[in-house]
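As you go down the protein sequences, you meet chains R and F in turn.
In our numbering, each residue carries its 1-based index in the first sequence increased by 2.
In our numbering, each residue carries its 1-based index in the second sequence increased by 26.
These are calculated hints, taken from the structure and not from any lab test.
Just so it is clear, the structure is predicted and the values come from calculations on it, not from any experiment.
Backbone N, C-alpha and C fix where the C-beta goes; we use that ideal spot for every residue, glycine too.
Hints should not be assumed to be uniformly reliable.
Straight-line Cα separation of at most 30 Å, BS3-like style, residue types lysine-lysine; simulated pairs [unchecked claim]: (1) R:Lys233 x F:Lys33; (2) R:Lys225 x F:Lys33; (3) R:Lys244 x F:Lys33.
Examples of chain R residues toward chain F, derived with CB under 8 Å [stated by the list, open to error]: (4) Ala46; (5) Val111; (6) Tyr115; (7) Asn118; (8) Ala137; (9) Val174.
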Amino acid sequence: MAQRYGGKFSKSNESMRDWSGAKPRRSRFAVRVVAAMAIPLFIAGVLELTSGDVISAIIEWGAALGLGFAAWLIDEGEKAQEAFEARQIAKPPSFPRKIFGSVVIGFSVFAIYFGNGDLGFINHILLAGLSTILALVSFGLDPMRSKGLEGEDSFERERVAIAIEKAETYVVEILEAGKRIGDRNLTDRVERMAKSVRTMFRTIEDDPRDLSSSRKYLSVYLKGARDATRKFAELYSRTKDKDARAEYEALLEDLETSFSQRREILLLENRTDLDVEIEVLRERLAASTLKP
Amino acid sequence: MNPASLKRFAFFGLVIVLVIAVGTAFGTAG
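Please work from the sequences and hints to get the whole structure.
So, in structure tokens, the structure goes:
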């Protein structure tokens, strides 16, 4: 039987969602169970069709599609929540996918009972409501409030959140293009580079004043890296050009070094700020103790 | 009840409701 390459220490596909320190996904199993319910429903629809009940068949297929869609929505909501939790400054997801997914589960249950059961309209609604509530409790609600945006410099923090969100899309696109290269070593290198980029994001989030001096890194360099990775993946998967590979490896090396150097500079600047503040305060304290 | 147990409990409830719903669908189809 075919076996996936990898072992205990190999990187898994989850690296695409490596938000540097994020917890592993929680409700994956639960989401799969909900999605799996669509299969017997679909078969029930086929049986309805063979017995000549077209309306019931359509309702059951609709409910099966609804459950599949709800599972997908909740899964996407979990991903968005994971990204939200990994960041120090973040806005809530624009669309509450988990809540909407739970409501779709309720509608699907209503459709199934409405099409088949004879419990009465009110009971159908009650069952649909019950399943929505159970889904909401088991999958949880989406993050609703932004975090890390409060405080004196909330405007600055909001600017940081927007800039990092945009930069994060470049990183995801770079990782996606990296997977298309078709060379495990190079893909790993790309992932390592992405990791150092994301570490720099966290440093900027820690101190929003770093944003203006790092804008070039968040936009121009990352955009360039994305375009280069896309072009290289396209070329290398067809030609296996060794010169292009060497050049691309050098670019990755440069990017990784410059991003980690930038991060060190930012940390150093923060340290200098702290030193200055301490010095000023100590001088003032010394001055006031000298006064009679 | 701690939140994790509540989540698990709710999930089991959801699965039961879904299984009964699917069972009903099969019942009328068969």
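Against the structure, the hints:
1. A hinted pair counts as satisfied when its Cα atoms are at most 30 Å apart, and Lys233 (chain R) with Lys33 (chain F) does not qualify at roughly 46 Å.
2. Restraint check for Lys225 (chain R) and Lys33 (chain F): the C-alpha separation of about 41 Å exceeds 30 Å, so the hint is violated.
3. For a cut-off of 30 Å, the pair hint linking Lys244 (chain R) to Lys33 (chain F) is broken: about 53 Å separates their Cα positions.
4. With its C-beta approaching chain F no nearer than about 4 Å, Ala46 (chain R) sits inside the 8 Å limit, and its interface hint holds.
5. Because the closest C-beta pair between Val111 (chain R) and chain F is about 5 Å apart, less than 8 Å, the hint holds.
6. This hint holds: Tyr115 (chain R) has a C-beta 6 Å from the nearest C-beta of chain F, less than the 8 Å allowed.
7. For Asn118 (chain R), the interface hint holds, since its Cβ comes within 8 Å of a Cβ in chain F; the closest pair sits about 4 Å apart.
8. Checking Ala137 (chain R) against chain F by beta carbon gives a least distance of about 6 Å; that is within 8 Å, so the hint holds.
9. Hint status for Val174 (chain R) relative to chain F: violated, with the closest Cβ pair at about 29 Å, above 8 Å.
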